[in-house]
Structures are given as C-alpha cells and as structure tokens.
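When you get a sec, could you build the whole thing from the sequences and use the hints?
2 protein chains.
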Amino acid sequence: MTVPQAKESTVDVLIIGAGPAGLMAANALAKAGVHVRIVDQRPAKVAAGQADGIQPRVIEVLQSYGLADRLLREGNQMHLATFYNPGPDGGIERTGRAPDVTAPSARWPFYVTLHQGSIEAMFLDSMAPEGVTVERPVIPTLLEVSKDESVLKDPQSHAVKVVLKYLDPEQGQADIEIVRAKYVLGADGAHSWVRKALGIAMEGEQTNYIWGVVDIIPDTDFPDIRTRTSIHSLNGSCMIVPREGDMVRLYLQLMDADVVNPETGRVDRDKMGPEKLMKVASKTFHPYSIRAEEYHWWTLYIIGQRVAAQYSAHERVFISGDACHTHSPKAGQGMNASINDSHNLAWKIAHVVRGWSDMSILKTYELERRKFAQDLINFDKMFAAMFSSKPRTAQNKDGVTHEEFIAAFQGGFTTGVGIHYSPSVLVNADHQAHASKLVIGERVLPQTFIRAADMRPYEIQDLLPADTRYKVLVFAGDTSDAAQLARVRTLAAAVGSPSGFFKTYGGADVFDILTISSASKEKVNYTDVPPIFRSHWSKVLLDDTEMYPRTDAGGGYEKYGIDKTEGAVVVVRPDQYVGIVAPFEKLDDITDYFAAFMKVAAQTVL
Amino acid sequence: MTVPQAKESTVDVLIIGAGPAGLMAANALAKAGVHVRIVDQRPAKVAAGQADGIQPRVIEVLQSYGLADRLLREGNQMHLATFYNPGPDGGIERTGRAPDVTAPSARWPFYVTLHQGSIEAMFLDSMAPEGVTVERPVIPTLLEVSKDESVLKDPQSHAVKVVLKYLDPEQGQADIEIVRAKYVLGADGAHSWVRKALGIAMEGEQTNYIWGVVDIIPDTDFPDIRTRTSIHSLNGSCMIVPREGDMVRLYLQLMDADVVNPETGRVDRDKMGPEKLMKVASKTFHPYSIRAEEYHWWTLYIIGQRVAAQYSAHERVFISGDACHTHSPKAGQGMNASINDSHNLAWKIAHVVRGWSDMSILKTYELERRKFAQDLINFDKMFAAMFSSKPRTAQNKDGVTHEEFIAAFQGGFTTGVGIHYSPSVLVNADHQAHASKLVIGERVLPQTFIRAADMRPYEIQDLLPADTRYKVLVFAGDTSDAAQLARVRTLAAAVGSPSGFFKTYGGADVFDILTISSASKEKVNYTDVPPIFRSHWSKVLLDDTEMYPRTDAGGGYEKYGIDKTEGAVVVVRPDQYVGIVAPFEKLDDITDYFAAFMKVAAQTVL
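For the protein sequence lines, the chains are A and U, in the order given.
The C-terminal residue of the first sequence carries number 606 in full-length UniProt numbering, and the numbering is unbroken.
The C-terminal residue of the second sequence carries number 606 in full-length UniProt numbering, and the numbering is unbroken.
It is possible that part of the hints are untrue.
Each pair may be met inside one copy or between any two copies, as identical chains are not told apart.
[To be verified] Distance condition first, Cα-Cα at most 25 Å in a straight line; then the derived SDA-like pairs of lysine to any residue:
1. Lys523 x Thr102
2. Lys165 x Ala44
3. Lys153 x Asp256
4. Lys503 x Arg370
5. Lys539 x Arg94
6. Lys276 x Thr490
7. Lys165 x Arg42
8. Lys390 x Leu300
9. Lys523 x Glu170
10. Lys521 x Tyr288
11. Lys397 x Leu72
12. Lys7 x Thr490
13. Lys559 x Tyr548
14. Lys539 x Ile210
15. Lys196 x Lys397
16. Lys276 x Pro99
17. Lys564 x Arg97
18. Lys559 x Ser388
I should point out that these hints are in silico values taken from the structure, not numbers from a laboratory.
Structure representation (structure tokens):
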C-alpha cells in the first residue's frame with residue numbers, strides 16, 4: 001500500500017469559507033473568468049436560521065449580477081415597520097406604523113428576508129455553469145505569504161502558499177493539498193482562521209445585552225405579525241422579522257437570570273431553549289397571545305461590536321464579511337456587509353489578475369470597507385442600546401420614547417444606499433459640481449431613461465451590470481441641436497483618439513460607453529450620435545418621458561445635477577460607484593484618472 | 001412477422017395541432033390536471049418566421065399562467081409607432097411619432113415581438129413537468145362524433161372517435177391509433193383538417209392586396225428601424241416590426257407585376273424572393289438606404305378575412321385559432337386571437353371534465369370568441385385597406401392622410417384589453433351599477449392594492465391566476481369601522497352558510513375569496529376580517545397608498561366605481577373576466593348565477 005502524495009496546485013484566487021461573503025466573491029470572480037476555488041469546513045451548506053435580511057442596496061447589487069429576480073421571487077418583503085409600547089394597562093399597544101425604508105433613492109424600498117441557505121443556493125446555482133463548486137469539508141492548516149519583495153511586487157506571482165486538509169478525502173486520495181495562490185480571501189466568519197493566521201486583531205468590545213432568536217410559524221391574534229415590529233414592553237423588548245412562507249423570526253431580549261449560570265457568570269445555552277424563548281415572548285406580547293407548534297431554529301447571542309484592525313496582508317490575503325466585523329443582528333446588516341465587502345473586492349482582484357490594473361487599486365478595499373464597518377459599528381452601538389433599553393414610562397423617565405426610537409430606526413443607515421467611499425485612486429471628486437447630485441464615491445442613483453432607438457424605458461442601474469467593465473456615461477445634451485452635436489463630435493474624436501483612455505486602456509473589453517441625450521423624443525435620431533458613443537443601437541438613451549408615460553422617466557439631468565447645455569462625462573466603476581466626473585473640456589482628467597492605476601493595453605478591442 | 005394491431009385508447013381531451021392555439025390549450029389543461037394529449041403533423045416545431053406579435057392583453061394572459069417573465073425576458077418591446085409619408089422631394093420623411101399602445105388600462109403598454117418558435121417553447125417547457133409533450137408527426141384520418149343523444153348528454157362519455165396515423169412509427173409499432181376522447185380541439189391552422197371534417201364553412205372573402213414579408217438584420221441609416229414604423233411611400237407601403245436581438249421584419253406591399261404570373265393570373269412564389277423583396281424595400285425607403293447580409297425567413301401573402309361559420313360540433317369538437325379566423329398579419333392579431341381563443345375554452349372544458357359545471361358553459365365559447373373574430377375581421381378590413389392605399393398627395397387627393405391612418409392605428413382595438421363578452425350564463429350584468437367601471441364581461445382592470453398584513457403592493461391581476469378557480473372579490477368597505485364590519489360579518493355568515501354558493505359548489509377547491517378593505521393603512525387590522533373572507537393572512541387587501549408611496553396603489557374603489565360605504569361582491573371568472581357583481585344585499589343573485597350551470601359538490605373543501 002502506497003501513501004498518497006500531497007497534491008500540489010496553483011490557482012488565481014483561493015477563497016476560504018463558503019458563507020455569503022465567500023460565495024459572493026466566488027461567483028463574481030467565476031463570472032469574470034478568474035480561476036477561483038472555494039473551500040469550506042462544513043460538510044454541507046446551512047439548512048436553517050442564520051442571517052436573513054437583505055437591504056435595499058444589496059438587492060441592487062444582486063440585480064447587477066442577475067440574481068435579484070430569484071431573490072424577489074423567493075423572499076419575503078418588509079414594507080412596514082410597526083412600533084408597540086406599553087399601554088395604560090401595562091400590556092402593549094400599537095403606537096405607530098411607518099415605512100420600513102424611507103430612503104427616497106432606494107430602487108427597492110423594502111428589505112427582503114430569506115433563509116441564508118436560499119441565498120447561498122442562489123450563488124451556488126449561478127456559479128455552477130462556470131465550473132465552480134464548493135470543496136468541502138476542507139480546512140486550511142497553513143498560510144504563508146512570500147517575504148520576497150520582488151515576488152510580492154509581481155501581481156501574477158503565486159505569492160501565497162496554503163495547505164489544505166481534506167476532512168473526508170476519497171479513498172486512496174491524499175488528505176493534504178498544497179495550493180499556491182496569487183490571492184487568498186478569508187471569508188471564514190467571526191472566528192476566522194485566516195484572520196488569526198495573519199495575526200490581525202479585532203478591535204472593540206462586548207456589551208451585556210443577551211438576546212434569544214427563534215424561528216416559528218406563529219399561531220397568534222397579533223395583527224402586525226407580518227410586519228417588522230419593534231416591541232418595547234415592560235417585560236423586555238422584542239423585534240419581529242417576518243420571513244418567507246408563514247415563518248416569523250422573533251428576537252427576544254433576555255434577562256441575565258434567564259441565561260447566565262450564576263456559578264460561572266457565563267451564558268449557559270442549556271438554561272435556555274425554544275420553549276423557554278416562547279414563554280418570554282408570551283409575556284412580551286401580552287395582551288396578545290402567541291404560540292408555535294414547532295421551532296425551526298433558535299440561538300442566543302451577546303451583542304458585541306468589533307472591527308478587524310486590518311483587512312489585508314500585503315494585498316495578497318484579504319478578509320471579508322464576519323471575519324472583519326461583528327455586530328448585532330437586529331440592524332439587519334450582517335449578510336449585507338459581507339456581500340458588499342466581496343462585491344467591492346472581487347472586480348479589483350479580477351482587474352489585477354487580468355493585468356488591466358496595477359495592485360494599487362487593491363489598497364482601496366480596506367480604505368473603503370473598513371471605514372464602512374466602523375460607521376456600522378457606531379450605528380449599531382446606538383441602535384442596540386436603544387433597543388435593549390426600557391421604554392419611557394411614568395416610573396422610568398430615562399427610558400426610550402417611541403419618537404426617539406423611530407428616529408434611530410429610520411436614520412437611513414441600514415438601507416445601504418448611502419454608502420460613501422472616500423477619495424482614492426478610484427474616487428476623484430474634483431469635478432463634482434458638474435454632476436452635483438450624482439455623488440462621487442456613491443452608487444449611481446436609480447433613474448429611468450428611455451432608449452432612443454425604440455423608446456423602451458430602462459432603469460439606468462440595469463445598464464450598469466457587474467460585468468467588470470467601467471461604464472462611461474456621456475451626458476451629451478441636446479443631440480438634435482447642431483451646435484451641441486458639434487461639441488459632442490469633438491468630444492468623441494478626443495475619446496477615440498489613439499492617446500485617449502478608451503484605446504489606451506483596453507477599448508470595449510474594459511469600457512462600455514453609453515450616451516444620454518437630452519433631445520426630445522419627437523426629434524431625436526440615435527443615428528446622429530458619433531459611432532464611438534454608440535457601439536450598438538441600444539447604447540443611446542434619452543432623458544425624456546415615455547411616449548405614453550407609465551414610468552418616472554424624465555428629469556434625469558436635473559436629478560443628477562447635470563447642465564443640459566454643458567453636459568458631462570461620468571465614469572462609473574464596475575461596482576456601480578461613481579469614480580470621476582468631468583466636463584467635456586476636462587477629458588484629460590479622466591485620462592489621468594485611469595493612467596494612475598491602469599496598464600496600457602497590448603491589444604485593444606474597439 | 002406479425003402485423004401490429006391498431007392501438008386503442010381513451011383521453012379526456014385530444015388536441016390536434018401544436019401551434020400557439022393548440023399549445024396554449026394543452027398547457028392550460030395540463031396545469032388543470034386534465035388528461036390531455038396533443039398531436040401535430042410537423043416533425044418539429046417551427047424554427048423561424050411566422051407570427052410574432054404579442055398584444056398587451058395576451059401579456060396579461062400569459063402572466064396569469066406564470067409565463068410573462070420569460071416572454072418579457074426574451075422578447076423585444078415596441079413602445080413607439082412612427083409614421084413616414086412622402087416628402088416634398090418624393091422621398092419619405094417622418095410625419096409623426098406616437099405611443100404604440102395608448103389604452104390607459106393596459107398593464108404592459110407595449111407589444112412584444114418574439115419568434116413563434118420561442119413562444120411555442122415557452123408552452124412546451126411549461127407543460128413538460130405535467131408529462132405532456134407533443135406527439136409528432138401524427139395526422140388524424142377520421143373524426144366521428146357519436147350520434148347517440150344519451151351519449152352526447154353525458155359530459156363524461158367518450159363521445160368522439162378519432163383515428164390517428166403515425167407518419168413515423170417506431171419499429172414494430174402500429175401506425176394507427178383509435179382514440180376515444182371526451183372532447184377534441186382542432187387547432188390545426190388555416191387549412192384545418194378538423195374544420196373540414198366537421199364540414200364547417202369559412203365565411204368571408206379574399207382581397208387583391210399582395211404583401212411580402214422578410215426577416216433581416218438590417219444595415220441602414222434609417223433612424224426609426226427599431227420602432228414599429230408605417231411607411232406610406234409613392235413606391236408602395238411598408239411596415240417595420242423590430243424583433244428580438246437585432247432582427248427586423250419588413251412587411252412590403254407588392255405590385256401585381258412583381259408576383260403575379262401573367263399566364264395563370266395567380267401569385268407565383270418563384271417570381272419573388274428575399275433579394276427581390278429587399279429591392280422593393282430599397283425603393284420604399286428612399287432616401288434612406290437599407291441592406292441585409294442574410295435573410296432569416298420570408299413569405300408572401302394575400303390578405304383574406306374569413307371567419308368559421310361555427311366553432312364547435314355538439315360542444316364535443318371545437319376549433320380555435322387560425323382554424324376559425326384568418327386575417328392580415330399586420331394588425332398583429334393572429335397569435336393573439338389564437339391564444340385568447342384557447343384561454344377562453346380551456347377552463348370551461350376543465351370544469352366540465354371535473355364535473356363542476358354542466359355542458360352549457362361550453363356554448364359560451366363560440367358566443368364569446370366568434371363575436372370577437374367578426375369584430376376583428378371588420379377592423380382588419382378597414383386597417384388593411386388603409387395601409388395598402390396610396391398616400392394623399394397633391395396628385396392623389398383620394399389617398400390616405402397621415403392623420404386618418406394614425407386614427408385607425410391607435411383605434412385601440414388591437415391591444416385586446418377592451419375585449420367584451422356578451423351576456424350569457426357566465427356574464428350577468430344586472431348589477432353593473434354597483435361596480436360601474438369594472439365592466440362585466442371584460443377583464444378585471446389592473447390596479448395595485450396593498451396587502452393588509454404586510455403592506456406589500458400587489459397588482460390585483462397577479463392575485464387572479466389561471467388556476468381554474470373563480471375569484472370572489474369582497475369589497476368590504478372600511479373594516480376598521482364597527483358598523484361596516486358588522487355588515488361584513490353578516491355577509492360572511494351568508495356566504496358561509498350551508499346553502500351559500502361557497503359550500504354548495506365546491507368551497508376552496510373552486511372559489512378563492514379575497515377581501516379588499518377601504519380602511520386606512522394606519523388603522524387596519526387584517527385580523528378583524530371574518531375567517532371565511534381570509535383563509536390565509538395574505539387574502540386581505542387594502543385600497544390605500546403604500547407606506548412610502550412608489551406604486552400607483554390607492555383609489556381602487558373609485559377606479560372600479562364601487563361605493564365604500566355600500567361595498568360590493570365581484571365574481572371573476574377563471575380567465576380574469578368579470579362574471580357578475582352584486583351588492584351585499586343581493587348575494588342570492590350570485591348564488592343563482594352559479595346555480596344556473598354548476599353542480600352541487602359531493603364534498604367540499606373549506
């Protein structure tokens with residue numbers, strides 16, 4: 001009998017951990033044609049419970065990968081937030097209803113709740129045609145980044161060595177594999193092995209609030225059971241999160257006496273269980289009744305808010321998702337932050353692996369996402385404290401009022417639509433005034449334009465898919481006006497010149513140019529637009545109402561703060577965030593923007 | 001060697017012909033659990049050309065079968081109609097643009113163009129999980145309806161004998177099968193064998209207008225090539241129909257000299273071809289150029305408008321689609337009329353086969369659909385004549401003006417949303433005044449309501465799927481008002497009584513009850529609604545704006561002409577057409593409506 005030799009292999013990107021953060025990255029990289037592998041220590045994907053809330057911005061992100069249809073088909077939508085407080089007789093009573101999402105720019109003004117296993121299945125099914133599946137159960141046992149500067153400087157070097165151990169190897173196969181990867185992503189959760197291997201500390205602290213969570217199909221006379229309800233009762237707080245089908249999740253505030261072992265002073269899971277959680281719920285819901293026949297999932301947690309001190313080692317090994325930040329689940333941010341982390345990182349790695357960009361863009365991942373995590377933690381501290389506080393009553397004048405709580409609830413942080421990335425090589429706000437309301441460093445505001453050739457309405461975000469290309473939006477002004485059209489032609493000549501960014505940095509492989517005319521729908525001819533600004537008849541849009549108005553098309557120039565006589569060129573990053581804006585006469589600033597991090601293309605597809 | 005014996009079999013419904021009419025019926029019956037078979041003489045489904053325009057109403061119909069998503073994903077949308085007429089120099093010039101669909105109630109205000117093969121694939125994929133596939137190539141050789149009155153009166157008798165011949169039988173298999181069917185549908189096209197076997201005449205006449213059709217990917221400087229364009233030129237007329245991908249269909253008016261054989265006086269297909277059609281197009285398009293590298297499909301046709309004298313024999317054998325009516329393709333009605341025919345018929349057959357209804361409802365098929373076909377033919381005569389006429393010029397003062405043409409074009413007939421079925425056992429307009437704008441005999445007007453339990457907006461049509469159930473819409477008024485709620489409870493008691501229609505005619509198997517409250521979103525409790533009016537938390541709707549208004553929800557009572565203090569009960573047929581309306585106090589009229597054609601259920605699912 002021979003002992004099988006350890007396998008050796010190379011890969012562009014190795015992802016460790018197949019939760020939402022890892023799968024999001026794996027799918028994005030697989031779709032981008034990057035050679036990617038993903039391993040996980042669990043023998044199968046999660047079947048119940050865990051994270052389940054998808055924020056409005058993440059619906060937009062999933063849509064950019066073609067995944068929102070399925071999410072919306074399978075998930076539950078939360079449109080309504082309801083608030084209960086103690087009534088005169090001590091039982092709870094409704095003190096108000098409010099929209100669950102008030103951000104005016106949210107394209108989908110609601111949260112979606114869907115079991116984490118269904119979210120993971122969505123990614124798995126999407127990347128299967130690319131030949132990528134999760135290898136499991138597999139754990140990493142060694143992680144080494146090259147110490148050789150020349151190796152680290154070469155973006156194509158396999159600078160990271162990882163030893164993988166197969167926990168359930170096939171008969172006769174080695175249980176060890178040595179993988180040499182160009183880049184590694186640790187998406188291995190709050191107890192991240194990768195983070196620990198890199199010696200990255202978590203900064204922050206634990207609170208004393210202990211909560212229980214239980215998933216049930218309720219039998220109740222409570223009239224708001226299908227809405228996101230925040231209950232502040234004299235018996236503790238509760239948040240109701242309705243889910244797919246008839247399922248409902250209850251977050252229940254627990255008293256130390258319920259769960260803490262008096263001898264050890266630590267939370268004792270054995271002291272609690274779903275039946276006991278339902279007893280807590282019964283007290284909280286009084287005078288309404290709530291019962292359940294069975295419990296689909298339950299857990300306990302202590303709120304802690306912490307952020308990793310670094311998000312990467314040498315821009316070769318990255319961490320994302322829960323490996324970088326932990327916080328309370330009730331603000332509904334866990335899975336969202338994870339998906340947004342990986343969405344931010346994946347296209348940057350793809351550009352570097354393809355040789356389009358130099359490695360400097362990888363530094364923006366930590367810059368952009370760690371800042372976000374810190375903001376999130378600050379919000380979460382405030383929100384969690386307010387939720388865990390007693391309600392204001394005649395006896396407790398320091399308690400939280402309905403109005404204070406609702407103000408925090410609707411603060412707008414949780415929708416994700418306002419995420420703002422600071423200036424960097426990828427975010428240049430010098431000419432913000434030329435598109436004053438299309439904030440550079442934020443995602444492109446949803447807006448319906450009509451397609452000039454056939455007057456079909458399109459949401460602009462649907463023309464900005466996550467296909468790894470930069471989208472160049474030429475706000476051309478009134479192309480049915482001869483003088484304006486002459487300006488546009490001059491601009492087109494500059495963009496299309498041999499020294500222009502388009503030909504220099506990769507042409508149509510790298511850039512998708514869309515033209516947005518402000519001509520009227522009666523007068524526009526899409527054929528007037530210079531060829532480089534309309535590679536296909538579908539590439540010319542119009543800022544006008546529909547022929548027979550049904551959508552909110554029209555008014556896009558005003559919404560974006562762009563002058564119709566002046567026009568503007570807007571560069572949108574592959575992740576839908578605005579990178580740079582320039583007036584026609586400052587086209588060189590766009591060329592300089594790309595020159596700072598892109599490599600001159602050997603060949604250009606026009 | 002033994003000669004294989006002819007097979008003998010029985011089936012509920014045998015469909016002959018697997019074009020859109022046959023497949024629509026097969027899918028609907030298969031989904032309804034009816035034992036159905038479908039045969040076709042062609043060895044494979046169509047691969048190119050043929051009918052391709054889907055009207056707004058048919059998008060709604062397909063949505064009710066869960067098929068609209070795919071249609072909208074794959075198809076092209078026509079939002080814009082453009083009109084060209086001769087300019088001062090004799091070449092064509094644009095004289096106007098208009099919405100392609102102006103019907104305010106169209107839920108999808110555009111036409112979809114998609115290759116007939118893709119439409120057929122949609123039905124094939126939908127019914128495959130039900131175990132129904134097209135048997136081909138197979139032709140019928142004999143059709144006999146029983147002459148025994150007692151057999152004909154028994155809805156469950158296999159009263160029709162059909163002999164099928166397999167054109168390509170498997171080795172050792174008989175090439176003949178004797179099928180005894182309860183019902184037969186002839187969906188075998190304009191030259192219908194079934195129609196001829198029944199001896200049904202086509203009434204109407206042929207015109208002299210000869211047209212050519214060609215599908216191309218155009219190379220052109222014509223700025224309206226992606227819109228539905230009607231060209232009246234001095235060199236003949238043309239209609240452009242843009243299609244999926246970059247394909248465009250041209251309908252070109254031909255001169256007799258182009259296509260008629262002078263010796264025989266008949267159209268000679270050999271005289272014409274796609275290259276010649278493109279030469280005709282070049283003259284028509286002048287001063288614009290139009291060329292094509294290749295031709296995907298082409299044909300010639302002479303406009304004829306004819307309707308079958310009968311649509312059925314003894315309500316045992318039916319014909320639908322082109323077997324019943326032929327007309328010009330340019331009004332875009334062929335496939336639409338076919339789909340609507342089968343949509344009208346399928347649920348009625350399902351109800352009779354299940355023993356829910358007696359056979360009298362089958363008579364309404366001819367009543368409803370033949371009347372429609374006659375209206376269609378009258379419209380088509382006018383429209384085709386106008387399209388084939390010369391444009392009005394200084395020299396031709398009898399020609400058609402742009403204004404005359406556009407008035408006919410936008411007449412609203414072609415969208416299908418205004419199809420009206422006359423009074424019958426299924427259409428009772430006695431109490432029309434109680435829902436004055438929800439026209440009895442027409443499809444339910446699209447309207448967004450919000451779901452009371454979670455405030456999620458729903459288009460009402462999406463709650464009226466083609467699941468063969470009657471939908472009972474209880475417009476309950478303000479259920480947060482105690483006096484009104486008392487009236488609703490009285491109504492609920494009557495509906496739920498042992499002699500009420502609900503329990504008498506099949507309960508939840510047959511009826512889906514939805515309640516629409518006019519309470520405000522701040523005050524409503526869905527739990528107030530009596531249990532029989534909310535079999536699930538999702539069954540209570542609200543006529544109010546959204547929490548954070550994004551859709552056009554709200555104002556439904558006004559739109560439907562229903563008084564909020566009085567309320568109304570609206571019965572919607574399984575095909576989304578309004579059957580009867582009654583005020584609360586006239587509930588007996590609804591019971592009488594069902595009593596006229598329904599059978600008392602042996603068992604009732606509540």
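**Asked** Using 25 Å as the alpha-carbon threshold, which applies to Lys390 and Leu300: within, between, both, or neither?
**Response** within (20 Å within a copy, 80 Å between copies)
**Message:** Cα distance capped at 25 Å. Does Lys196 pair with Lys397 within a copy, between copies, both, or neither?
**Reply:** Neither: 45 Å inside a chain and 88 Å across chains, both beyond 25 Å.
**Prompt:** Between Lys165 and Arg42, at a C-alpha cutoff of 25 Å, which is it: within one copy, between copies, both, or neither?
**Reply:** within (13 Å within a copy, 58 Å between copies)
**Request:** Give the relationship of Lys276 and Pro99 under a CA distance limit of 25 Å: within one copy only, between copies only, both, or neither.
**Result:** neither (32 Å within a copy, 62 Å between copies)
**Prompt:** Is the C-alpha distance from Lys276 to Thr490 at most 25 Å within one copy, between copies, in both cases, or in neither?
**Reply:** neither (73 Å within a copy, 41 Å between copies)
**Message:** One pair to classify: Lys7 and Thr490, alpha carbons no more than 25 Å apart. Within, between, both, or neither?
**Reply:** neither (58 Å within a copy, 77 Å between copies)
**Request:** If the cutoff is 25 Å on CA atoms, where do Lys539 and Ile210 land: within, between, both or neither? Let me know, please.
**Result:** neither (54 Å within a copy, 37 Å between copies)
**Request:** Indicate which option fits the pair Lys397, Leu72 if close means a Cα-Cα distance not exceeding 25 Å: within, between, both or neither.
**Result:** Neither: 43 Å inside a chain and 58 Å across chains, both beyond 25 Å.
**Asked** Checking Lys559 and Ser388: alpha-carbon separation at most 25 Å within a copy, between copies, both or neither?
**Response** Neither: 40 Å inside a chain and 46 Å across chains, both beyond 25 Å.
**Item:** 25 Å Cα threshold - placement of Asp256 relative to Lys153
**Value:** neither (53 Å within a copy, 76 Å between copies)
**Request:** If the cutoff is 25 Å on CA atoms, where do Lys564 and Arg97 land: within, between, both or neither? Let me know, please.
**Result:** Classified as between: cross-chain Cα gap 23 Å, same-chain 41 Å, threshold 25 Å.
**Request:** Have a look at Lys503 and Arg370 and pick one of within, between, both or neither, based on CA distance no larger than 25 Å.
**Result:** neither (34 Å within a copy, 62 Å between copies)
When held up to the earlier numbered hints, the structure conflicts with 3, 4, 6, 9, 11, 12, 14, 15, 16 and 18 and fits the remainder.
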